[in-house]
Structures are given as C-alpha cells and as structure tokens.
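K.L.:
For chain V, the structure is supplied; the task is to place chain A on it using the hints.
Chain order of the listed sequences is V and A.
Position one of the first sequence corresponds to residue 1 (the working numbering), numbered consecutively onward.
Position one of the second sequence corresponds to residue 1 (the working numbering), numbered consecutively onward.
These are calculated hints, taken from the structure and not from any lab test.
Because the structure is a prediction, the values reported are computed rather than measured.
All C-beta atoms, glycine included, are put in the ideal place defined by N, C-alpha and C.
Errors might be hidden in some of the hints.
DSBU-like, lysine-lysine: derived pairs with alpha carbons at most 35 Å apart [claimed, not checked]: (1) V:Lys258 with A:Lys45; (2) A:Lys207 with V:Lys258; (3) A:Lys100 with A:Lys118; (4) A:Lys135 with A:Lys45; (5) V:Lys258 with A:Lys135; (6) V:Lys155 with A:Lys135; (7) A:Lys207 with A:Lys45.
Restraint-style ranges between C-beta atoms, simulated for each label pair [stated by the list, open to error]: (8) V:Pro57 with A:Ser210: 48 to 58 Å; (9) V:Thr316 with A:Thr259: 31 to 41 Å; (10) V:Gly168 with A:Arg337: 48 to 58 Å; (11) A:Pro35 with V:Ala325: 49 to 59 Å; (12) A:Asp294 with V:Pro10: 30 to 40 Å; (13) V:Arg296 with A:Ile119: 37 to 47 Å; (14) A:Gln182 with V:Glu455: 45 to 55 Å; (15) V:Val291 with A:Arg44: 27 to 37 Å.
One-letter residues, chain by chain:
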Amino acid sequence: MPAQRAAGDPAFRELVQQQVALLSTKGWYHSIELPDGQIIQGMIGIDALKARLAAFPIPEDLSGKRALDVGAWTGWCSFEMERRGAEVMAVDCVEFEEFRDAHRMTGSSVDYRILDVEELTAATVGLFDYVLFFGVLYHLRNPLLGLEKICAITKDTAFVETFVTDDGSGPCSMDFYETNELGGQIDNWFGPTVACAAALCRSAGFARVNLEYVSERRAGFTCRRCWEPPPVHPADPAPVLYSAVNNRSNDVVFHPGKDEYICVYFRSAEPDLTRDRLRIEIDGYGVPVLVLASLRADEWQANLRVPPGLAAGAHTVRLRTADSAFSNTFGIVIETPGALPDESRKPATEPPAVAAPAPVIYEVRNGMTESDVFRGYRNEYICCRFRTPETPLDRQSVVLEIDETAQPVLFLTDLGGGCWQTNSRLPAHTPPGRHRVRLRTISSPFSTPGSFRVEPE
Amino acid sequence: MSHAAAADVNRQKLEELARLGWYHSMELPDGSVIPGFQTLDVLRKRMAQFPVPADLRGKRALDIGAWDGWFTFELEHRGAQVVAVDSTDFQRFRVARELKGSHAEYRIEDVCRLSPDKIGNFDIVMFLGVLYHLKHPMLALEKVCELSTDMVCVESFVTDDGSDPAAKPVMEFYETTELCGQFDNWVGPNVACLVAMCRAAGFARVKLESVLGNRAHVTCYRRWPEVAESDAPAPYLTSVENAATRSREFSSTRDDYLTLWFKSPRNDLTPADVFPRVGPYGTHPVFLESTGGDGWQVNCKLPPGLERGWHAATLRTTGSAWANPVRIGVDLSDEQRRQPPHLDKVSGIRIAIVTDGRTWERNLVHTGVDSCISLWVSGLPEGAVRDGIAVWLAGDHLPAVFLSEADPQGLRQINAMLPAGTQPGDYSVSVSFGETAAAPVPVRLL
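With the rest of the complex left out, here is chain V (with noise of 0.2 Å):
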C-alpha cells in the first residue's frame, strides 16, 4: 500500500513544524564533530548521519577524488569526504554562517559556492567524480532539468536522497505543491514516488540507477554514468554500428539546450535483442535506450536521449550488448553556439595539390528502397558507394556534389575492403529527371559521375 499522502496530512505537517522549531532554537541543522572531540550538537545527530552517508556505496578512500556536495546546509557530508581524501566543493542556494563557522572550527579547505543548481555547469564548477544530491530535488521546479545539470557535471556516480511520496509500490508520478502544502513550507514543488524519481535519474542521463533504500517517506538512489565493464570473454559477436543521427533532421549536428533524440541504427546478431541488454555509449558514459525497434533480419534501431553537458564539438558513440564487445565508432557533433549550422560539414580548406586518386563511385542508391528512384518524399536518402586507396577517410574530408551543387555529407560509414558510403538528403525542388552525382576526397580530383532518377509518384 501506498503511505499515505504527505501533502495535506497534518500529522505530516506537524512534524515538519516540530523539525523547524527545533531548529530554530539548535542553529545547526547537521551536527559537527570539532577537531579536539567536541561535538556541536545539531538537528540531526552523529550517527544518524554517519548512517545516512553509509546507505550509499561511498569509497571510504576517496583520495584524489573531486567531489561535489549540493545542498551542504551546516556542511556535514562536506567534512566526512575532505576526511576521506576527497577535494571537496560544497554548495548551497544561501549561504549558511553555521557552515563558514564550522569550516573554520575544522580547518577545512572546502570551497564553499552559493549556487543554484541551474547554475551548475562543468564552466563554473568544473567535473566531479562523486556528487551528493542530498534533500534538494523536491526543492526544484524544474527536477528533472536539476538532476540533468547534476548528471552534466558527474563523471563516476551521484548519489540522490529525496523525499517520497510512496513506498515504492505507486505509479510514477509526482505530487505539485502549488504552495506549502507539503509539511508547511513553501518551498517544496515536486514530491515523486520512488519510481517516478528513479525514472527521473535515468532520463536525465544517467546509465544505471539502482535503488538503495526507502524509508519514513526518503528514497536514496544511486546513479552512475557509466555501463558495468565489458565481459571479459564476449559471448556475443560485436554489433556493427551503422549510423547515429539527430531524430529530427537525420543529420549527425545537435544543438545544446534543445530536446533532442538520437536515433542509432545498427546491425545485431543477438534474435531477442532487448531494450536493457543494449549498452550505448557516448565518450564513454552510458546513455539509456528509450525505445529499440527491430527494423528487418539482423538490422535495429534504438532511439535515446542526447545526454546533458556534451561540449561543442565531435563526439564517439558505440555500443555493445550485455555479452558482446563493442562495435565499431560513429561520430556526431554537437554545434558550436553562434557558428554557422553548416560549417562543421564542409571540409576545412581547399585540396592545396592533387595527391590521391579520384574514388570511384560505383552505386548510387535511395536509401529507403535500395533503386536509383527518388520520389520526393522526405526521409529518402542518397547513398553514394565508392572506392578509394585512401584511408582514415572522415565526413569532413569528402566533397559530395548533385548537378554540381555541394551537398553536406550527413554521414560516412566505412563498408570495409577499401568500400565507402556516404548520405546525403535529396535537395529541395530536385525536379524530375536524371541527376548527376560526383565527390571527391579533400586530396584528390572528383570522381566520375554515377546518377539517380526523380519520378514523383
């Protein structure tokens, strides 16, 4: 059975009430253990936070780790990883004098910022090994693009403590406190269940997200970036990773700040291939799938979130399944703010001498039909197959032209035994007829032409 609902239940209220009269009266919420033994007596008393720290797979070694602490409040959690090696950066959304009295006291080096976790980027803070996200989601209004800012700036595990509105048997969804219905106060928004806020975790990026414990309406999750290792002795063949496009454009360009979807296109042997066997990466950290459609025979495709806090610039997906290795690489990139859309596309400079031989093109496809007739419609593809010597070949280093107009390559997959094939989308208003298709390398003169037909339906 689900608790009974927090928001509205005065016994709930109250005791929330009491917690805020005690302390008011205490001034310290944590309490904190001072270099001689003393101990500052808080709200919540030694132990109870020793046991709230060790509900979590902490290291208790964290030298030459950075760690993060959002939400410090009197700076407990702070101290306990400076003492375990970390370096350690604490941050709240208003400064507490408990916090700098109690830096002083221990002679912490803790970097103590006043941020709001919107604020929180890898420019600002920097990447931390370990984060603690203590007691702030339901604060937010916006928790998931919280916990995405959270995940942007992780590099191993965070690990979240929320408050719940269940036991863990509800629905996923979450309560909206328009005001202080929740325990009197106003500055509470969101209340999850355990599923909604382990759902949360996962779509703000994070690979796995494993529940540790729910009690006395708290949840503690923890969440890495990163898939288990590989197997050691693969049991299945390496899938073959064809493409990786933006959903919206079949294009590899993403745009930061936009909600954007990955669609990645791959060939698996595997017959019963699910959506939790599939393991994809990003620069190594795991993204989850959000739907895997199994399009003909052995060919697949899965469509996931771009994960938070990718920079600008050229980024390495792969993927491999629970008992496979991994397949080969595919590149996307993400756009630069301000620069031309199309500039990453074109390859930097001009062919300065004319060094390899021209490709040979020898097919020229429509990618939905594998004819040479195109009919207009808008997820037709060009695919140009081709041989050259030249090798490593990138999507910037290949010059595509139709009727000898330049069009951007969208992608460049490597067909192997010196076999090539690159994407291009069918120009607006291509009128019918035979159309010529021609590319060069960035070093070498263009082949001769290879064509295609437009006959509209």
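P.N.:
Okay, now just chain A, sitting in the frame of chain V:
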C-alpha cells in the same frame, strides 16, 4: 506566368500537399479545403474554448507548436501580426503559408530556448498541445509567461476530467513510450496540477475553460482586471522587500518572491481579495497574513518578463483603488542602482485635480495623438522646476512638459504627454519631485 500556367503550378502543389498528408485541415483563398486529420470543425472548436478576441488588429500573437499552421493563420485572419514556432520544420506550414498569402513569421526553435530578446513580446500566446511533450513543463510555462504581456491559451493532455474538487495536483511521468507508444510524451498532469502549474509560472489569473476528452483548456492572464469604480479606500503600502534577501532588489533568473507590507481598513482579507502588481503585471498571493491592527503581509512571485531596471510594485484590494507605488529593482545595473527612485515617501504633495487639456472633465483623459494629462498639484516646494518633476501613470514615468506658476489657491499645473499606444482603461496617476511623491489618484483613459 499565364493564368493557365499558374493554375497548373497550383494544381501540382495541391497534389503534392495531398500526398504529404495534413494534420490540420486548411481553407484556401479560393474556397477549397485541404482535408486534414483534424477537420475544420474540430479546429474551430479547439479555438472556441478560449476567449480570443475576434479583432486582433494591432496585436502581436505567438503560436507555439504551430504544426501545419491553422491557428497561426486564424490569428492572422483576425488581424494579428503572428510568429509561428515549431520544434521541427514542417514543409506543409511553408506551403500553406504561400498558398494563403500569409505573412506569418516561421521559426524553428524549442520552447525553452525562446526569449523576448530573440522574438519580442506578445499580447496573445497560443500554447496548444505542447506542454505534455516537454521534459521541463514549469520552465516552459515560465518562458511562455515571460513572452506574454496579456493572455496565454494553454491546451494540454490531462489525466483526469477535473470533476473531482478534492483531486490533489499530480503529474504522471513518462520515461519512455508509456503514453500512446510515443517517446516524445514526457508528462501527464491532472487538471488540478495543470491549473496549479500555470498559476505558479507567474500569471496573475488562471481560468480553467473546459475539459474535452483528455484535453484541458486554460486561459492565463498577466494582468488584473481594472476596477471601474473605486469607492473603497486604497490600501497603503508601507514596504516591499525580496522575501529571501530582504532587499529591494530582485533577480529575474532566480525564483524570487516579493513581500509587500500594507495597511488596509479591511480586517477580513483573503488571498482572493488582494491583487499585487509589479509594473503592468499582476501576480497572485501565495501567502497572506494579518500583522496586527490594520497591517497585512502578502507574498507573491516576481512576475516574469520585467525589464532590467526600476518597477513600481503596488496592490489593491477588492473594489479599491491602487495603493501608492513602491519601487523595486530588477536585475539592476550599477548605474541604475546609483539612481534609485523613491516614490514611497508620500509627502505634502497632493494632486487636487487630474484631467486633460481639452474636456476639463475630472479624472478623465482622452487618449489619441498628442494626448496630454494635466494635473493641479499643491505642496510642491518653492524651488520646484519642471525638470525635477515626474508624472507616474500606473508605474510608467511620463516626463513633465509644462509647469505653471501657482494660482491664487496655490495650485500649480503640470502637463505630461501620454505615451503613444497607451491603452484605454483605469489607471492611477501620481507625481513625484525628487524623493517625494503624491498619493496616487484614479484616472480613466478613454
């Protein structure tokens, strides 16, 4: 191009359109209709759920999630200058715009990346069928509130029919494809939650219009209705502070709240009787408490979309005139911080008469080209000069263009020009000189 050739091109286009498949049906100028998934009746019914004025001439309108553009073209048909926004570029929108000869601007952008800097402000915003597709619904509603100056129409998928008055606000979260097998659905609020989130986003008033099937229609207003008659005495505002920092400065990027302390002869106020306002924007009370005697405290959210600078905070109670304005600073620059206006120190300055220069009717000013507001004022210091005098119309600073010598009753006349485009309605007007100001008096603009 000959008529026959033009007709041929048009026919080809229509055939192409039919092949593309339409979501919205579309009326064309020649009277023909492109049939879409949603019939014209359905589209008109969706529009009719909201009190959108039939005449939108002179208004700017924004259609978020325009899809094929039926609502965009309907707003334009009513006279508005329209910007349509979508997250994906729909060729059908572009084709329909051309066929209809529309001038609507089309932009491809995510809601949460929109800002007044990029696209300006809008009198009316349509936000139909978008909210539940968003990961951060509160952020989106705040963005929409920030972009709007008057009215926002919100239509969203909801999880109940809103008929249970005891229903608590709750929102389902869809991690993958739980809702309709689509992975682009993120949240499903119940009706109570949708309405509460709209209020929390910073609107003054939120009205649930209807729930049809699994769609709720909510109209959100940024302003309080002006009261026609103000018999009840205005409350007196004693102080306004940032609820967190206790300063008079606010940040538009943080979730800042105002605390207004005021005196009112009414001892029975409820939050529904108190109408706080900053600049032109209303903001509803989230907390109201008697502080003893005739004193009250009310807390409310800083309304989104205020420009950097000083703004007048004021309030009224049911049926009363507006209280004396108190200045608050929003995202102040150092320069602005050095020159704070001090309008809250009411002194011996008193407005005896307010009228316009043509009709001489008391408390009435006719708007129009070169409209002027005239005040007869007592209590100005001896050495007062025109340059030091400011006339304040509902928080707007109007420089004085004329200051007379004192008449036999000791009254001096001040004239100020009404800014172009000032809307008719009920306002309060005040006069300041240096650090002192007159208690505001009501004026109706016709």
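K.L.:
Check each numbered hint against the structure and report the violated ones by number, ascending.
P.N.:
9 and 14
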